[in-house]
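Undergrad: Join the two chains into one complex using the hints; note that each chain is given alone, in its own frame.
Below are the chains, spelled out letter by letter.
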Amino acid sequence: MTTGLGRRRYLSAGLLVTALLAYPFVDRAVHAQTIHAVTDAMIYVLLALGLNIVVGYAGLLDLGYAAFFAIGAYAMGLLNSPLLGSPLHGHAWSFWVVIWIAAVVSAIFGLIIGTPTIRVRGDYLAIITLAFGEIIPVAIRNLGDVTIDVGGWRPIERLNLTGGENGVNPVGQPYLPGVPFETDPIPWYFLILVIGGASLWAMNRMRDSRLGRAWMAIREDETAADCTGVDPIKTKLLAFALGASFSAFAGSVYAAKLQAITPGAFEFQVSIMLLCMVVLGGMGSLKGVILGGMLITLFDRLLLAQMTFLVRWIGRSVGIAVLTTVDLTLWRWFFFGLGLVVVMLFKPEGLAVRRVRPRLVEVDEEEEALALTAAAPVPRGEEIPGWLRGPAASRGTPGGGRPVLEARAATKSFGGLVAMSQVDLVIPEGGIIGLIGPNGAGKTTFFNVATGLLRPDSGEILFDGQSIVGLRPNAVVARGIARTFQSIRLFQNMTVLDNILVGEHCRLHATVAGVVLRPPRVVAEEARARARARDLLAFVGLAGKEGELAKNLAYGDQRRLEIARALATEPKLLLLDEPTAGMNPRETEVLTEFIGLLRRELGVSVLLIEHHMEVVMGISDRITVLDYGVRIAEGTPVEVQKNPKVIEAYLGKGYEAELAS
Amino acid sequence: MEWYEVLVQQTINGLTRGAVFALVALGYTMVYGIIELINFAHGDVFMLGLFFSLTFFTLLGMTQTLYGWQLVTVLPLVFLATMLTTGLVNVAIDRAAYRPLRRAPRLAPLITAIGVSFIIENLALLWQGPSPVPYPDIFPSVDVLYEWLGWNTKIFLTTKDLFVVGVSIPLLVSLQYFITRTTWGKAMRATAQDRETALGMGIDVEKTILLTFFVGGALAGAAGLVQGIYYNIGTYYIGYQAGLRAFTAAVLGGIGNMPGAALGGLVIGFLSAWSDQYISARWTNAIVFSILILVLVFRPHGLLGERTPEKI
Numbered sequence: 001m002t003t004g005l006g007r008r009r010y011l012s013a014g015l016l017v018t019a020l021l022a023y024p025f026v027d028r029a030v031h032a033q034t035i036h037a038v039t040d041a042m043i044y045v046l047l048a049l050g051l052n053i054v055v056g057y058a059g060l061l062d063l064g065y066a067a068f069f070a071i072g073a074y075a076m077g078l079l080n081s082p083l084l085g086s087p088l089h090g091h092a093w094s095f096w097v098v099i100w101i102a103a104v105v106s107a108i109f110g111l112i113i114g115t116p117t118i119r120v121r122g123d124y125l126a127i128i129t130l131a132f133g134e135i136i137p138v139a140i141r142n143l144g145d146v147t148i149d150v151g152g153w154r155p156i157e158r159l160n161l162t163g164g165e166n167g168v169n170p171v172g173q174p175y176l177p178g179v180p181f182e183t184d185p186i187p188w189y190f191l192i193l194v195i196g197g198a199s200l201w202a203m204n205r206m207r208d209s210r211l212g213r214a215w216m217a218i219r220e221d222e223t224a225a226d227c228t229g230v231d232p233i234k235t236k237l238l239a240f241a242l243g244a245s246f247s248a249f250a251g252s253v254y255a256a257k258l259q260a261i262t263p264g265a266f267e268f269q270v271s272i273m274l275l276c277m278v279v280l281g282g283m284g285s286l287k288g289v290i291l292g293g294m295l296i297t298l299f300d301r302l303l304l305a306q307m308t309f310l311v312r313w314i315g316r317s318v319g320i321a322v323l324t325t326v327d328l329t330l331w332r333w334f335f336f337g338l339g340l341v342v343v344m345l346f347k348p349e350g351l352a353v354r355r356v357r358p359r360l361v362e363v364d365e366e367e368e369a370l371a372l373t374a375a376a377p378v379p380r381g382e383e384i385p386g387w388l389r390g391p392a393a394s395r396g397t398p399g400g401g402r403p404v405l406e407a408r409a410a411t412k413s414f415g416g417l418v419a420m421s422q423v424d425l426v427i428p429e430g431g432i433i434g435l436i437g438p439n440g441a442g443k444t445t446f447f448n449v450a451t452g453l454l455r456p457d458s459g460e461i462l463f464d465g466q467s468i469v470g471l472r473p474n475a476v477v478a479r480g481i482a483r484t485f486q487s488i489r490l491f492q493n494m495t496v497l498d499n500i501l502v503g504e505h506c507r508l509h510a511t512v513a514g515v516v517l518r519p520p521r522v523v524a525e526e527a528r529a530r531a532r533a534r535d536l537l538a539f540v541g542l543a544g545k546e547g548e549l550a551k552n553l554a555y556g557d558q559r560r561l562e563i564a565r566a567l568a569t570e571p572k573l574l575l576l577d578e579p580t581a582g583m584n585p586r587e588t589e590v591l592t593e594f595i596g597l598l599r600r601e602l603g604v605s606v607l608l609i610e611h612h613m614e615v616v617m618g619i620s621d622r623i624t625v626l627d628y629g630v631r632i633a634e635g636t637p638v639e640v641q642k643n644p645k646v647i648e649a650y651l652g653k654g655y656e657a658e659l660a661s
Numbered sequence: 001m002e003w004y005e006v007l008v009q010q011t012i013n014g015l016t017r018g019a020v021f022a023l024v025a026l027g028y029t030m031v032y033g034i035i036e037l038i039n040f041a042h043g044d045v046f047m048l049g050l051f052f053s054l055t056f057f058t059l060l061g062m063t064q065t066l067y068g069w070q071l072v073t074v075l076p077l078v079f080l081a082t083m084l085t086t087g088l089v090n091v092a093i094d095r096a097a098y099r100p101l102r103r104a105p106r107l108a109p110l111i112t113a114i115g116v117s118f119i120i121e122n123l124a125l126l127w128q129g130p131s132p133v134p135y136p137d138i139f140p141s142v143d144v145l146y147e148w149l150g151w152n153t154k155i156f157l158t159t160k161d162l163f164v165v166g167v168s169i170p171l172l173v174s175l176q177y178f179i180t181r182t183t184w185g186k187a188m189r190a191t192a193q194d195r196e197t198a199l200g201m202g203i204d205v206e207k208t209i210l211l212t213f214f215v216g217g218a219l220a221g222a223a224g225l226v227q228g229i230y231y232n233i234g235t236y237y238i239g240y241q242a243g244l245r246a247f248t249a250a251v252l253g254g255i256g257n258m259p260g261a262a263l264g265g266l267v268i269g270f271l272s273a274w275s276d277q278y279i280s281a282r283w284t285n286a287i288v289f290s291i292l293i294l295v296l297v298f299r300p301h302g303l304l305g306e307r308t309p310e311k312i
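From first to last, the protein sequence lines stand for chains H and G.
For the first sequence, position 136 matches number 136 in the working numbering, and the numbering has no gaps at all.
For the second sequence, position 65 matches number 65 in the working numbering, and the numbering has no gaps at all.
Hints listed in this document are in silico derivations from the structure and should not be mistaken for laboratory results.
Hints are not guaranteed to be accurate.
[Stated by the list, open to error] Sample of chain H residues lacking proximity to chain G, with all beta carbon distances greater than 12 Å (derived): (1) 137; (2) 139; (3) 155.
[Claimed, not checked] Quick list of simulated restraints, FRET-style, between CB atoms: (4) G:127 to H:91: 51 to 57 Å; (5) G:210 to H:316: 26 to 32 Å; (6) G:210 to H:551: 29 to 35 Å; (7) G:131 to H:32: 34 to 40 Å; (8) G:202 to H:585: 54 to 60 Å; (9) G:123 to H:582: 48 to 54 Å; (10) H:9 to G:202: 51 to 57 Å; (11) H:551 to G:202: 27 to 33 Å; (12) G:159 to H:417: 50 to 56 Å; (13) H:530 to G:282: 52 to 58 Å; (14) G:280 to H:313: 48 to 54 Å; (15) H:149 to G:136: 38 to 44 Å; (16) H:316 to G:282: 43 to 49 Å.
[Unchecked claim] Heads up, incomplete: computed chain G residues facing chain H, CB under 8 Å, no partners named: (17) 101; (18) 118; (19) 122; (20) 293.
All C-beta atoms, glycine included, are put in the ideal place defined by N, C-alpha and C.
So here's chain G without its partners, still in its complex pose (with noise of 0.2 Å):
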């Protein structure tokens, strides 16, 4: 390959890697950005959305490669089954682990957020044991630009990587269009700023927070499909990782910051491929995590996040 073919293909890889981040990484911004909570558990919401939707695909026998009328129908119907209940485990979460610690002290629901994260970890242990569990082939796998396109190259773009990118880009757009068009959006960013504040204005603050929360598990979910169709295989401690890499996304766009934490998703997408190729997957964290420090002492508030002057 020559070197720019490797730094295509290594930039189709950031984008789909990233394109989960992100997924991921909104639930987290979101979460934080309305109760200041880091939720620990998120990763494993996301861990959960890839087994969930493995169980509904083998529920509905498929389990090899979906073809023409089962893409338009089957595909979705697992697609918003995953998302549902993720959305709902994410809820429950808040309601048994968070909900009760809302004037508690900051660092208690954070240490209930760990705990639900090793519950979640351990039951995902017993339920698919300790092995990598193989994830069906559901999406069919054409190699775009030699087979549609007809190019003679060594770039390999499949449609597994216009799937990921066509699955998430229309999600972080309406959910951008949710927060910022929608009554129920313009709750979640006054409760954010304000929680006193919005429930003096008569939003019912709890129901927001609860629809955060399911907005933020759903989002987990669809990324749990995402990663499983994509990679074709799943263990029950991924989400530690790609929780941890989707936080660091979540942080370095800016927390609370919707766009920002979309952007901190591909940012790190891209530079942990880059990494991988040009430096050494073995020191790809370390890499990831040293630009993080870098973005947040050059830019305290993250990529897009606003500096809020404190009053005085």
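With the rest of the complex left out, here is chain H (with noise of 0.2 Å):
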């Protein structure tokens, strides 16, 4: 069967190539002359796919886009334009050294409209790019005539940086021996060809790879990326760099194509529209960007022009006297605004991809009703992933007593309440130890300070000796702490396989280049880290389930998927934050034993905040007790429920008989 769909995954691919490849010269035969429109359109697809990779896969809204098309443009236009005397001008190989020195231009740029990504979030962050978006035309249009005047001491004069307002004009064209570009349309159709298909190409791998899986996770859940390991800013900086280089090679090639370039052709509109390109194909999907790129440049180029033939057509043989003068071409923008909000309202994912249904509620609760009778079977340990082991053998021995974690006055306060005051605690390595506390006790506080999530006020927090303050929770995931969430964090729109890949994410090395280039070395990277996710999910009881997507997986599962994530990070300390909370009985109890496991076969310390009493005490080695942000009790469980202290703050009078009974 898998021959079989390959074989027609062959075929039509073939078939596919086929048509790009005999389109032009059908197009000549039939005197259609649309290669023009078509050859623009593929432009302003490469320009699509680019910003895709910053809002479709990155999630970053990018409203100023045209502004690395313009400089990709203006790059090649000033670099190969004798206008300006540029020293490459001229030279016969230059359009193919500039497209490159282009597209590390736009990079740089990408790079410095990126920055405020470290401090800047969402939405605002939309409105920096679409600042950048203004501010770009207009400095060129004015740099072509910079005059400074300081009370009448000018020291630069009428200088001409970018030819203003004229633009640019001529640019030179590229050369090939014996490829008429200064005659012939069908040499650029393939030249855009031939770029975008390897950019086309290079995306593809940089979406099925670390980087991409990165981008994806921001894109879902910045905070929860940051504690899987995953830089945030690194990540939305490459992205805004990579989005920026593809868009200066279709800007290059734009402006040798045309010869001449203005700055009115990278004004917000343009950036518009290039959003619309990837919004109404279909965000991240990359047919569905190439779709999206066809539709609407051809329905500008080509579709209007043919109707209002028609239209005219219909207007002189039915004798409506207005419908014969009519030019719909002149009505674009008014048809292209019907397009965009008929499309949306009636497919808002976009034309490409599949609407994914919610799954019937009867369904969950079958499985709801299934999981309380058969709860998910207790891991086992010599079920335990051997690559998980690993590591752990160079941990010691369990319980060797050496603190991993050791938290000394650390305080935190948020304005004038003190969250956490003055807290000390010590996890030993293979402990585990308790975190309890009624609510608002601090105990979450607690977590985020010790995964950098949180800066303290003072106090320190030593990692394996090692002062960890001031890292960012990725930096300390790499060292080696990993949490999970109190309500559930996953990657809800990826699947399950590549939420654990997230996980592994600080443990591989694919560089840009890597993931791109595909050397063996990564090639084996990316197989171990896929063939150890498999394992990890088969170990925690979610075999089965890795093509599914984080959202549709049942309660419990989520919780595993969530634990199964840390893991992946390979820690020495995990951090769980309420990991049975909304579970039954039964459930808890398999979640409690499998914690136990990980202790006893991986030798990985524990801290745990837990409100089921029965859990915390049945496993924990000591147990710490915050109220109101103070440390009040630390003990041995059987100490902490005799604590008069505790009982007061937290465990009530009447727990001892309640346990006992």
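TA: Here is the structure:
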């Protein structure tokens, strides 16, 4: 069956390639004269594909992407034009050199425009991109005639940097021996076909890689990604830089093909149109973006003109005078707007994305019922993937007593509220420590401080004897602390397998060049990562669900997936924030067993926030009790249960009787 | 003119510009606050406000400067009619293009908003033509400082300037009162914070959203009228630039924050007027947006926006 499917894929791919190769000659043979429009459409498709990296993969709304198009086009224009006396102009091969310079220049601008991402998030970031999109054309217009006048002293007078409103004209063309770029549109078609095809190939590889998964993890949940070892700043900057460099290729071809560029071609409307291409086709789907880009440009360039003929013809045949003089191309923006509204209303996910129906409620109930009677089997020690054991050996013997994490007088306050005051806590290697206390006692705050999400106001957090205060969460994960969240935070729209692979992110090493070129080292690393992920999923009882979207899992499965994702980072210390919340007694029992197994077999230390007293009392070596941010007790479970302060603040008077019964 | 006269003059110009931006910015910020949508069509509603009010004046036969009783009857009447119309237009836009997408992916309504903006702009093009349309000099223009106060100064402050401020401030104040003191305002704030919970508390969320669009559209309409009266000209594409500036103002102030939008509008107004004078009008857009970027880098939630810590 697979071979049949494979053959069909090869067949359709072959047909597509043949069609793409034959198209310009067919077009010429039938005198359709669509090749210019199609070539331009392909330039815009390449732009939209670049934007898709930023918006579709990394989830960063970019409202000023035309700025990169402008930068790419002007880099080509200025370096390959006699206008400003560029030294590169006039050399036969300059186009092929400049196109790479343009990509680098654009990528640098991408980094510059991306830097505010370090501080600014969400729609505010979108506005920053919009602002850059506005600034760049203004700057290009005005830098054509720069005069600095300081009280009559003019250090710079009428300097022309960009050609101003008139733009750059002429722009040099590419040169290949025997290829008539000057006279024939067909070589241009093949030029953009090759560049676009290569870009597509690169993007496809990026998507299915460490890098692509990091982008999507950031898109799904930036905080969770950070706490799973993905560096959000680096990842986002890479999205901006790579997205920008693809647009530079498109801009270069655009400038060379048109042989002239003016600032008007890079206005806000262009950014918006590109965004529409991405969303219309289906964000994040390469096919969708190609479809969206083709539809919009060809609609504009071909369909409206053809429709005008049709409407006039109808007008003449039926005898309606108004119709005979209609020019639909004047109405392009109207129809464009109408098209956007209609498509979005009927297919909000985009044209190329198949609508995923939410699963029926009955199915969920049935699964819940099943889970009650036959909860997932207790994971068994012998099923532990060997690779998880590997590093455990180097962790020394469990219970050796050497502290793995040590908090000394850690304090954190929000405004006037002291969430955590002078908290001391020691987690010995291989130990399980319970952290309990009433709601609002500062337990989760302690987690956030220990994982780098919050910086303590004072005090020290030592991990393996070294301070981790001030490290970003992803750096803390790399050191060996992993966590789960009180309210499950999976990467909802990624598969179960990809969730685990994001967990392995910080243990993988593929670079951008690596994921695109895929040298054997990277291929082997990726294969190993996938094998490991499957082992881990089988171990936690999620075998067979690798391909499902995380959001479609049952509740208990989501909890287990989150723990598995944390384990994938190969932690020495696991912080579990209410892991049994919302679980039935059977599931709770299984999970308790599981935590014990992890410690026993892997030597992982565990810090556990838990409200189920049977769990925390049964499994913890020692327990720390917080109340109003202050540590009120510390000791073995038995000591803590008898501590009058703890009974007063948290357990309640009848607790001991309750336990006894 | 002395340097201080130039400064005062440009500040007055900035104030009137900023007042219009503020009125438009409020509509952006209200809609964003409640459904997290950058309503790209909002600037075009502002443009419609200008043309609707022009139509109303023409229908009433008022194509000359108004005097005496006309000022207190016709002008408020046209104000109300314009605000009502643009408010309803805005509600209609929401019903047709945004409401069906309340549960769709986040960018879907953004794209329909862009689509609606193109549609409105082109309908206005069909209706009013491509060239600038003259707007009658409805409001009497008197040089206040010279003719009323007898000051001998080159600073030019007219009754029109006072009119712009005199319209904007009461609108801003009453909006603030409406949002903070009335039941509907409370419903709007609750819906903006958490739609699900608001629904659970018995708030008719859809009606609240409808009201938000109505109020936002009405303010944009008022701003359009003020713009027409002040500049005496209107073109079908003014909504685009004004919308962009106003949206920038809303973000600058902290999006979702009403006083922030008003403040942002004024700041943008002043900045653009000063930049026109002291740097060069052709750089103004770049200056305004550069300052926007700087403000956001140092205050990532705008001037008055509150940082809401993420619940983990």
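Undergrad: Against each hint, give a clear statement of whether it holds in the structure.
TA: Checked hints:
no.	hint	result
1	137	violated, 9 Å
2	139	violated, 6 Å
3	155	holds, 17 Å
4	G:127 to H:91: 51 to 57 Å	holds, 54 Å
5	G:210 to H:316: 26 to 32 Å	violated, 46 Å
6	G:210 to H:551: 29 to 35 Å	holds, 31 Å
7	G:131 to H:32: 34 to 40 Å	holds, 37 Å
8	G:202 to H:585: 54 to 60 Å	violated, 36 Å
9	G:123 to H:582: 48 to 54 Å	holds, 53 Å
10	H:9 to G:202: 51 to 57 Å	holds, 55 Å
11	H:551 to G:202: 27 to 33 Å	holds, 30 Å
12	G:159 to H:417: 50 to 56 Å	holds, 53 Å
13	H:530 to G:282: 52 to 58 Å	holds, 56 Å
14	G:280 to H:313: 48 to 54 Å	holds, 52 Å
15	H:149 to G:136: 38 to 44 Å	holds, 40 Å
16	H:316 to G:282: 43 to 49 Å	holds, 48 Å
17	101	holds, 6 Å
18	118	holds, 3 Å
19	122	holds, 4 Å
20	293	holds, 5 Å
Of the numbered hints listed earlier, those contradicted by the structure are 1, 2, 5, 8.
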